[in-house]
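These protein sequence lines map, in sequence, to chains A and E. Following numbering that gives the first Met the number 0, the numbering of the first sequence begins with 0 at its first residue and continues without gaps. Following numbering that gives the first Met the number 0, the numbering of the second sequence begins with 0 at its first residue and continues without gaps.
A few of these clues could be false.
Residues on chain A that point at chain E, a partial pick, calculated with CB under 7 Å [as the list claims (entries may be wrong)]:
1. Asp44
2. Thr45
3. Val92
Derived BS3-like pairs (lysine-lysine); straight-line CA-CA distance at most 25 Å [stated by the list, open to error]:
4. E:Lys291 with E:Lys386
5. E:Lys333 with A:Lys9
6. E:Lys410 with E:Lys444
7. A:Lys91 with E:Lys333
8. E:Lys333 with A:Lys22
9. A:Lys22 with A:Lys9
10. A:Lys22 with E:Lys410
11. E:Lys444 with E:Lys3
Computed footprint of chain A on chain E; a stretch qualifies when at least three of its residues, placed anywhere within it, have a C-beta under 8 Å from a C-beta of chain A [said to hold, decoys possible]:
12. 95-105
13. 304-315
14. 350-356
What the hints contain is simulated information worked out from the structure, not anything from laboratory work. Predicted, not measured: the structure shown is a model, and the values here were computed from it. The beta-carbon is built from N, C-alpha and C at its ideal position, and this holds for glycine as well.
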Amino acid sequence: MSLSSQDVNKIAWLARLAIDPDKTEAYARDLSGILDFVEQMNSVDTTIVAPMAHPLDQCQRLRPDEIRETDRRADFQTHAPLVEAGLYLVPKVIE
Amino acid sequence: MHDKTIAELSRGLRNSEYSSVELTQAFLARIRQHDPVLNSFVTVTEDIALAQARSADERIARGEAGPLIGVPIGQKDIFCTQGVRTSCGSRMLDTFISPYDATVVERLRQAGTVMLGKLNMDEFAMGSSNETSYYGPVKNPWDIGTVPGGSSGGSAAAVAARLVPGATGTDTGGSIRQPASFCGITGIKPTYGRVSRWGMIAFASSLDQAGPMARTAEDCAWLLQAMAGFDDKDSTSLDYPIPDYSSALNGSLEGLRIGLPTEFFGEGLDEDIARLVHEAVDEYRKLGATVKEVSLPNMHLSAPAYYVVAPAECSSNLARFDGVRYGHRCQDPKDLHDLYMRSRGEGFGAEVQRRILIGTYALSAGYYDAYYLKAQKIRRLISDDFKRVFQEVDVILGPTSPSVAFRFGEKSADPIAMYLSDIYTIAVNLAGLPGMSIPVGFSNKRPVGMQIIGNYFAEDKLLNVAHRYQQVTDWHGQAPADFS
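All chains, please: the whole structure from these sequences, using the hints.
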């Protein structure tokens with residue numbers, strides 16, 4: 000599996016990750032190498048194997064739908080880069 | 000004082016040979032003296048430590064029971080600590096002060112431990128050498144030109160250098176066991192779900208598991224006792240009884256059935272390491288164990304499957320770092336996309352970026368079946384191999400890593416070479432089994448670790464097997480010359 004610089008840019012866009020244009024080629028090389036490495040998985044036929052989501056085949060626990068957390072918005076927002084009146088601020092999305 | 004184990008320190012505290020405050024001051028002094036060389040701490044929490052030590056001294060004076068009261072430890076910087084910077088080794092969280100404590104942190108505090116600080120690690124626990132940390136690599140106290148292993152490299156180095164008597168670590172593909180091996184200490188990764196992941200910054204949620212790192216199996220038993228147990232806040236936490244780990248330590252090994260997987264002793268394994276592991280196995284024969292060769296035929300597929308599962312889950316987990324609610328935000332974003340992209344591009348280092356990219360690709364439209372689903376099927380095969388072997392044996396022994404600690408820069412240019420450093424540990428995470436590493440000798444003056452793998456919930460058996468070996472050998476008691 001060989002990825003081009005163009006592929007890397009497309010994946011980076013999907014991941015919302017700005018990558019240094021100087022490094023795109025190196026990433027393409029590294030990622031192609033990793034994909035070649037994981038390709039070894041195809042050496043076995045797994046048609047009838049059930050995928051394993053949890054080692055002990057546990058399912059998600061359910062609990063009554065009741066409020067257990069207290070409101071700590073102000074606390075949490077002290078860590079935000081930019082807030083105003085309890086709202087997180089980002090650049091304008093709609094003109 | 001610094002050369003004592005947690006068990007010894009606990010006795011000293013109880014017999015009033017020293018107070019927790021004195022102990023804490025002694026370790027803080029050692030950190031000040033030695034950590035400028037090792038770089039094992041990201042943050043030293045002196046004020047918190049002294050306050051916790053004073054409160055521990057009061058608890059001891061009141062005659063409260065609890066073997067860990069007053070014992071200083073270090074926390075890997077992946078665990079959220081309220082009011083204290085929790086960086087996860089990343090620029091992304093360089094200024095992040097956690098608003099809450101991880102369950103592990105809370106439990107260890109309730110048990111009376113004193114937090115000396117937050118330990119350095121590979122960025123978001125992605126790395127096997129500690130070279131990916133935003134705060135610079137940790138040095139291995141046995142040879143400061145070599146890596147301490149990773150990702151819990153700060154924890155391993157600090158324990159080995161006697162800057163802390165014990166520490167927490169996390170293990171997604173070997174991140175407790177491999178650094179424990181490289182630094183000549185003892186570490187255990189419990190069964191998946193044994194220790195709560197709440198407040199432990201997520202890397203690959205189906206693999207991540209926290210565990211203790213210390214000098215002896217006995218100390219690990221004490222720490223694990225405090226850390227393990229059901230937690231309602233973690234939806235994958237197991238509601239399954241926790242045995243008394245300390246009381247299991249001394250059980251006889253007469254008749255213990257040991258399996259040595261052929262695949263663990265093949266090509267790529269350092270000859271010295273193979274020899275030392277076999278010598279350790281001979282010690283077990285003397286203790287009454289029987290040994291047989293077993294086979295894990297799908298072992299060679301574990302690293303390929305891991306490098307799909309782990310990056311896929313990483314790309315999904317790390318999507319939360321968007322520069323909006325917390326973490327790094329770029330300067331003057333021109334629009335929302337620019338804000339996301341540059342904040343993440345600036346906040347994450349190269350290895351984290353590589354894994355996000357691989358994971359995003361593996362999960363993108365049209366590739367899910369070929370990568371993630373295929374890897375989950377391989378996981379089943381690997382897990383079935385272990386299940387079959389555990390019908391015949393009680394524990395599996397083998398090397399923890401194919402080599403001893405390598406030099407800085409030796410593998411950092413080649414991601415695959417670095418990934419192969421965890422070739423023997425990864426399968427254990429994929430299967431969700433408990434695994435441990437204990438020191439069994441030295442090759443070229445660098446420590447060698449042996450891995451002990453057990454069946455689900457067999458942490459008590461692993462600790463027992465490790466402890467009995469440590470009673471008849473002294474590899475775990477060796478200290479690096481410059482830090483003894």
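Hints, verified against the model:
1. Asp44: With a closest approach of 10 Å, the A:Asp44 hint is violated.
2. Thr45: holds (4 Å)
3. Val92: Holds, because the Cβ-Cβ distance from A:Val92 to chain E comes to roughly 5 Å (cut-off 7 Å).
4. E:Lys291 with E:Lys386: The given pair, whose Cα atoms are some 16 Å apart, holds under the 25 Å limit.
5. E:Lys333 with A:Lys9: Between E:Lys333 and A:Lys9 the Cα gap is close to 20 Å, so the pair holds against 25 Å.
6. E:Lys410 with E:Lys444: Holds, because 20 Å separates the two Cα atoms, which is no more than 25 Å.
7. A:Lys91 with E:Lys333: holds (9 Å)
8. E:Lys333 with A:Lys22: holds (23 Å)
9. A:Lys22 with A:Lys9: Answer holds: A:Lys22 to A:Lys9 is near 14 Å, not above 25 Å.
10. A:Lys22 with E:Lys410: Holds, at about 19 Å.
11. E:Lys444 with E:Lys3: holds (23 Å)
12. 95-105: holds (count 3)
13. 304-315: Answer holds; 4 residues pass the 8 Å Cβ test.
14. 350-356: This one holds; 4 residues, not fewer than the three required, reach chain A with a Cβ under 8 Å.
When the structure is compared with the earlier hints, a violation turns up for hint 1 alone.
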